[in-house]
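*Asks:* Using the hints provided, position chain B relative to the given structure of chain A.
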Amino acid sequence: AQTVTQSQPEMSVQEAETVTLSCTYDTSESDYYLFWYKQPPSRQMILVIRQEAYKQQNATENRFSVNFQKAAKSFSLKISDSQLGDAAMYFCATLNSNYQLIWGAGTKLIIKP
Amino acid sequence: GAVVSQHPSWVICKSGTSVKIECRSLDFQATTMFWYRQFPKQSLMLMATSNEGSKATYEQGVEKDKFLINHASLTLSTLTVTSAHPEDSSFYICSASFWGGSNYGYTFGSGTRLTVV
Chain A
51 AQTVTQSQPE MSVQEAETVT LSCTYDTSES DYYLFWYKQP PSRQMILVIR
101 QEAYKQQNAT ENRFSVNFQK AAKSFSLKIS DSQLGDAAMY FCATLNSNYQ
151 LIWGAGTKLI IKP
Chain B
172 GAVVSQHPSW VICKSGTSVK IECRSLDFQA TTMFWYRQFP KQSLMLMATS
222 NEGSKATYEQ GVEKDKFLIN HASLTLSTLT VTSAHPEDSS FYICSASFWG
272 GSNYGYTFGS GTRLTVV
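These protein sequence lines map, in sequence, to chains A and B. Going from the first sequence to our numbering is simple: count from 1 and add 50. Going from the second sequence to our numbering is simple: count from 1 and add 171.
It should be emphasised that the hints constitute simulated quantities derived from the structure, not laboratory data. Check each hint, because a few of them may be wrong.
[Unchecked claim] Computed cross-link-like contacts, BS3-like style, restricted to lysine-lysine with a CA-CA straight-line distance of at most 30 Å:
hint : chain 1 : residue 1 : chain 2 : residue 2
1    : B       : K191      : B       : K226
2    : A       : K158      : B       : K212
3    : B       : K191      : B       : K212
4    : B       : K212      : A       : K162
5    : A       : K128      : B       : K212
6    : A       : K120      : A       : K105
7    : B       : K235      : B       : K191
8    : B       : K212      : A       : K123
9    : A       : K162      : A       : K128
10   : A       : K105      : A       : K162
11   : B       : K185      : B       : K235
12   : A       : K105      : A       : K123
[Said to hold, decoys possible] Simulated restraints, written as ranges between beta carbons of each label pair:
hint : chain 1 : residue 1 : chain 2 : residue 2 : range
13   : B       : G272      : A       : N108      : 16 to 22 Å
14   : B       : A243      : A       : T110      : 38 to 44 Å
15   : A       : Q133      : B       : S273      : 26 to 32 Å
16   : A       : K128      : B       : N274      : 21 to 27 Å
Positions of the beta carbon are idealized from the N, C-alpha and C atoms, including for glycine.
Isolated chain A (complex conformation) (with noise of 0.2 Å):
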């Protein structure tokens, strides 16, 4: 089965600094995805980033980076250049073999201005 491991219940970055939230998973899937999705205080749940596992190349969106690490399991994000409307619940997910998200437990971003 798959699993999905969030290590930081909580990191703070300095306002315009650079965040690293980290993420392993396991699973048993030869070609599978990963997802970093972000929950404002709102709660609507937005997509970050996504990756496909065949791809070696990271993937970017903007401020946005992953640093993903097949072998190790390891699916990192990083943010740049750290925003207040960054600050947030970050969950690090994957897909089962019946194509559900398999959840981390999230990590909470603090933003200091």
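*Replies:* Just chain B now, kept in the frame of chain A:
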């Protein structure tokens, strides 16, 4: 694109009554929809997966007679909490998957905060 609308945003109901939550895909056809429950400061807990025209598949421990899911069309799925009790108070979120070549993922409704008094 791939927008899901969820209503109501919040609802208060009396113990013993039933509440229906709607989830609509606005600009795509949602073959598969998911219903989650989220407790404060916790991750999303999958309750059930619904496929259009089929019976929903419930996760272990989820009472299918209490949480009725209907996915009668490609754009609408509903969750009905029957005979609600205070312990059913929670935040419920629907989601739909979309797969269109390079554009794929899972989009979420804005959630429904249910309070049973």
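*Asks:* If a hint holds in the structure, say so; if it does not, say that too.
*Replies:* Hint check results:
Using a Cα cut-off of 30 Å, the hinted pair K191 of chain B and K226 of chain B holds, with the two alpha carbons roughly 17 Å apart. Restraint check: the Cα-Cα separation between K158 of chain A and K212 of chain B comes to about 9 Å, which is no more than 30 Å; the hinted pair holds. Only pairs whose Cα atoms come within 30 Å are accepted, and K191 of chain B paired with K212 of chain B is accepted, the gap being roughly 24 Å. A C-alpha spacing of about 20 Å is found between K212 of chain B and K162 of chain A, which places the hinted pair at or below 30 Å, so the restraint holds.
Using a Cα cut-off of 30 Å, the hinted pair K128 of chain A and K212 of chain B holds, with the two alpha carbons roughly 22 Å apart. Under the criterion of a C-alpha separation no larger than 30 Å, the hint pairing K120 of chain A with K105 of chain A is consistent with the structure, at around 10 Å. Taking the CA atoms of K235 of chain B and K191 of chain B, the gap is near 14 Å; set against the 30 Å cutoff, the hint holds. Between K212 of chain B and K123 of chain A, the direct Cα distance comes to roughly 26 Å. Compliance with the 30 Å bound is thereby established for this hinted pair.
A threshold of 30 Å between alpha carbons decides the hint, and for K162 of chain A with K128 of chain A the separation of about 17 Å falls inside it, so the pair holds. This hinted pair does not check out: K105 of chain A and K162 of chain A have alpha carbons roughly 34 Å apart, beyond 30 Å. Using a Cα cut-off of 30 Å, the hinted pair K185 of chain B and K235 of chain B holds, with the two alpha carbons roughly 21 Å apart. For the given pair, K105 of chain A sits about 14 Å from K123 of chain A by alpha-carbon distance, which is consistent with the 30 Å threshold.
The supplied range of 16 to 22 Å is met by G272 of chain B and N108 of chain A, whose beta-carbon atoms lie about 21 Å from each other. Look at A243 of chain B against T110 of chain A: about 40 Å separates their beta carbons, and that is inside 38 to 44 Å. One distance hint, 26 to 32 Å for the beta-carbon pair Q133 of chain A and S273 of chain B, holds here, with the actual separation near 27 Å. For K128 of chain A and N274 of chain B, the Cβ-Cβ distance of about 23 Å falls inside the hinted range of 21 to 27 Å, so the restraint holds.
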